[in-house]
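J.: Each chain, written out:
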Amino acid sequence: MSNLLQLCVSGLSLGTIYALIALGFVVIYRASTVFNFAHGEFLSFGAFCMVSLCAAGLPWGISLATAMVLTGALGAAVERVVLRPMIGRPVFVTIIVTIFVGAILRSAIFIAWGPQTRGMPTPWDPLTTFEVAGASLLANSVAAVAAGACALAAFFALVRRTKLGVAMRATASDQETALALGVPVGRVFAATWFLAGLFAALAGVFLGMFPRSVDTNLGFVALRAFPAVIVGGLDSAWGTVLAGVLLGVLEVLCQGYVNPHLGEFGKNLHAVFPYVVMILFLIVRPHGLFGTREVERV
Amino acid sequence: MPTRPLVTSYEQDLRLFEDRWARAGLVLWTLVALAWPFVVTDRWVTTANLALTAVVGAVGLMILTGFAGQISLGHAAFLALGAYTSAILGEQFELPFWLAMPCAGAVAAAVGLAVGPFALRLRGLYLAIVTLGLLFLTNHVLHSLPELTHGVSGIPVRMYSGGTDAAGEALRFSAPWRLGSLELGFDEKLYFLFLALAAGAAWLGKNVARSNSGRAMMAVRDQDLAASVLGVHPARSKVLAFGVSSFLAGVAGSMFAYQQQYITIEPPFDLNLSVQYIAMIVLGGVGTVFGAVAGALLFVCLTPLMETVGGWIPFVADLSTHQRSTLMFAVVVCVLLAVEPLGLLGVWLRVKRTFAAWPFRY
Chain F
79 MSNLLQLCVS
89 GLSLGTIYAL
99 IALGFVVIYR
109 ASTVFNFAHG
119 EFLSFGAFCM
129 VSLCAAGLPW
139 GISLATAMVL
149 TGALGAAVER
159 VVLRPMIGRP
169 VFVTIIVTIF
179 VGAILRSAIF
189 IAWGPQTRGM
199 PTPWDPLTTF
209 EVAGASLLAN
219 SVAAVAAGAC
229 ALAAFFALVR
239 RTKLGVAMRA
249 TASDQETALA
259 LGVPVGRVFA
269 ATWFLAGLFA
279 ALAGVFLGMF
289 PRSVDTNLGF
299 VALRAFPAVI
309 VGGLDSAWGT
319 VLAGVLLGVL
329 EVLCQGYVNP
339 HLGEFGKNLH
349 AVFPYVVMIL
359 FLIVRPHGLF
369 GTREVERV
Chain V
708 MPTRPLVTSY
718 EQDLRLFEDR
728 WARAGLVLWT
738 LVALAWPFVV
748 TDRWVTTANL
758 ALTAVVGAVG
768 LMILTGFAGQ
778 ISLGHAAFLA
788 LGAYTSAILG
798 EQFELPFWLA
808 MPCAGAVAAA
818 VGLAVGPFAL
828 RLRGLYLAIV
838 TLGLLFLTNH
848 VLHSLPELTH
858 GVSGIPVRMY
868 SGGTDAAGEA
878 LRFSAPWRLG
888 SLELGFDEKL
898 YFLFLALAAG
908 AAWLGKNVAR
918 SNSGRAMMAV
928 RDQDLAASVL
938 GVHPARSKVL
948 AFGVSSFLAG
958 VAGSMFAYQQ
968 QYITIEPPFD
978 LNLSVQYIAM
988 IVLGGVGTVF
998 GAVAGALLFV
1008 CLTPLMETVG
1018 GWIPFVADLS
1028 THQRSTLMFA
1038 VVVCVLLAVE
1048 PLGLLGVWLR
1058 VKRTFAAWPF
1068 RY
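In order, the protein sequences belong to chains F and V.
Its first residue numbered 79, the first sequence is counted upward by one per residue in my numbering.
Its first residue numbered 708, the second sequence is counted upward by one per residue in my numbering.
Chain F extracted, bound-state conformation (with noise of 0.2 Å):
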């Protein structure tokens, strides 16, 4: 029982993570129909600077803050050199644009710090527990899921009351009408793109916390995250959220459960099981939990 228990939470704790990531997807996607494959990069971006400004001397809050709007910063960048021109694309030129552009950050990552694997600076001792009944629970474990979901309701606070939630969500809606109606969509898509950056650093830093640690692989972590976006609805918001909850939770349960009975084959079942996962779903919804599904009429 104390196992299954310690499993919700590093699951939660990761389902917060997809969540985050997800999200970033999702914002993105329903700004400007853009499937960013550079997200991960954020991600390891996010997580990089967070290291070099703890290792400057900077409180943690301040590194956190600073950490992660660089990388909205970086974000927004990327989408007015890069994704503006793109606009009125057909999609797999904006998929292989947003590949490509990540393949750069990835070198550029590699080139700025380096190969070696760094420990995330965390305020607590990194190795703190909590016992709830019988059960251990990582401070860093805990503290990903608080962080994540004080982001997730900021966002949605943001986008249900804020003049630029409802400018995002025009845009989402139909970009030439909110552009007729003076909604500045070039500003929403920078808008836009900051805050996934904002929250894929967040994802960056609480992924880098021990037990895993900051490499250049961190952002293929955000490839894990696909099935969430995809099971939740491209287009939805809190369908991913749950998705990526759940995903998480499903993985880490597969990891505990599923994986050593099933002998060779279980071997990393649980990197490839939310693809299986999002597969069958997907076979029954094939717009996802919340996605809207596309009328065809003649």
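Calculated directly from the structure, the hints in this document are not laboratory data.
All C-beta atoms, glycine included, are put in the ideal place defined by N, C-alpha and C.
Among the hints, a few may not be true.
Part of the chain F face toward chain V, derived, beta carbon under 8 Å [claimed, not checked]:
no. : residue
1   : Val261
2   : Val263
3   : Phe343
4   : Val350
5   : Phe359
Here are the simulated distance ranges between beta carbons [to be verified]:
no. : chain 1 : residue 1 : chain 2 : residue 2 : range
6   : F       : Gly341    : V       : Thr748    : 45 to 51 Å
7   : V       : Leu878    : F       : Lys345    : 37 to 43 Å
8   : F       : Pro201    : V       : Glu798    : 54 to 60 Å
9   : V       : Trp805    : F       : Asn295    : 39 to 45 Å
Covered stretches of chain F (in silico footprint by chain V; criterion: 3 or more residues with CB under 8 Å from a CB of chain V, positions within the stretch not fixed) [as the list claims (entries may be wrong)]:
no. : region
10  : 167-180
11  : 184-197
12  : 304-314
Fit chain V to the given chain F structure using the hints.
T.: Below, chain V without anything else, positioned relative to chain F:
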């Protein structure tokens, strides 16, 4: 804006080579291709072998993505299936390559046909991510069958040409051939075999493009609702595109395996490879066989060049050769996409029109 030449008759639309430019180019390229292994150094023969492999794979992806409009990030999975099928058939049954290659294609095509039905319900990005999932699953399955694939340690690929020699040993393809004073080593023999396969693949692609089923695929790509109203069967077109494309990918994988002689699962069969194939067809120009061939040749032949040039640029020189060429390619692809959306095809059309309209500018 470069455009395609105006088609004025049905016969013209059906022609294999549309104008005398294409026929002249064909003659020139055939001469270059035949003379290639006797003129250049060994390194460039190896590069040409890889390029011809890429041509087969790129034509396959072009049929799926360029003609039928289905975005696939799982092309590497079909290549991996083809490569491992021919490696396992060679190791376990000493099957000659001319039997193993069609088998490799058939195994890949079987999986492709199984995935095809997904494309009936999913579009665009959803399909792209499902095919990415297919790639991860394929690699997981290959890893979890160590008695066949030897898992992470990789598998040697033996290329038999069928029959046995005097001592009862199965004949190896690597034995050199003598034709009078001419001696063909393993790489040269492979080169001519691959040249024939690549030409066959390009011909197949061209024929698909101008046939009924190819035009049906393009109709589905451009507007599937309108296509189905006009009597095109979108489901059949999509599944056919998946089948043909994955068959060619399987053959390309098998060619790659024979060329490498020892293969592992990841790398090379990862997301990066799928992306490279997409980059090839985009570089070349989406929607034409010319684009697939030109993109594949350019992509592979530029790799050694990129690795060398990268060494002269500060900071980039710190990277490994593989990372260097990845970075340089990323930059080239991004710039090309920004300035010439039709890729090499666009450049070619521009050049052709400049000469055709000379001395006028347009």
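J.: Hint by hint, which ones does this structure get wrong, listed from lowest number up?
T.: Per hint list: 1, 2 and 5 violated.
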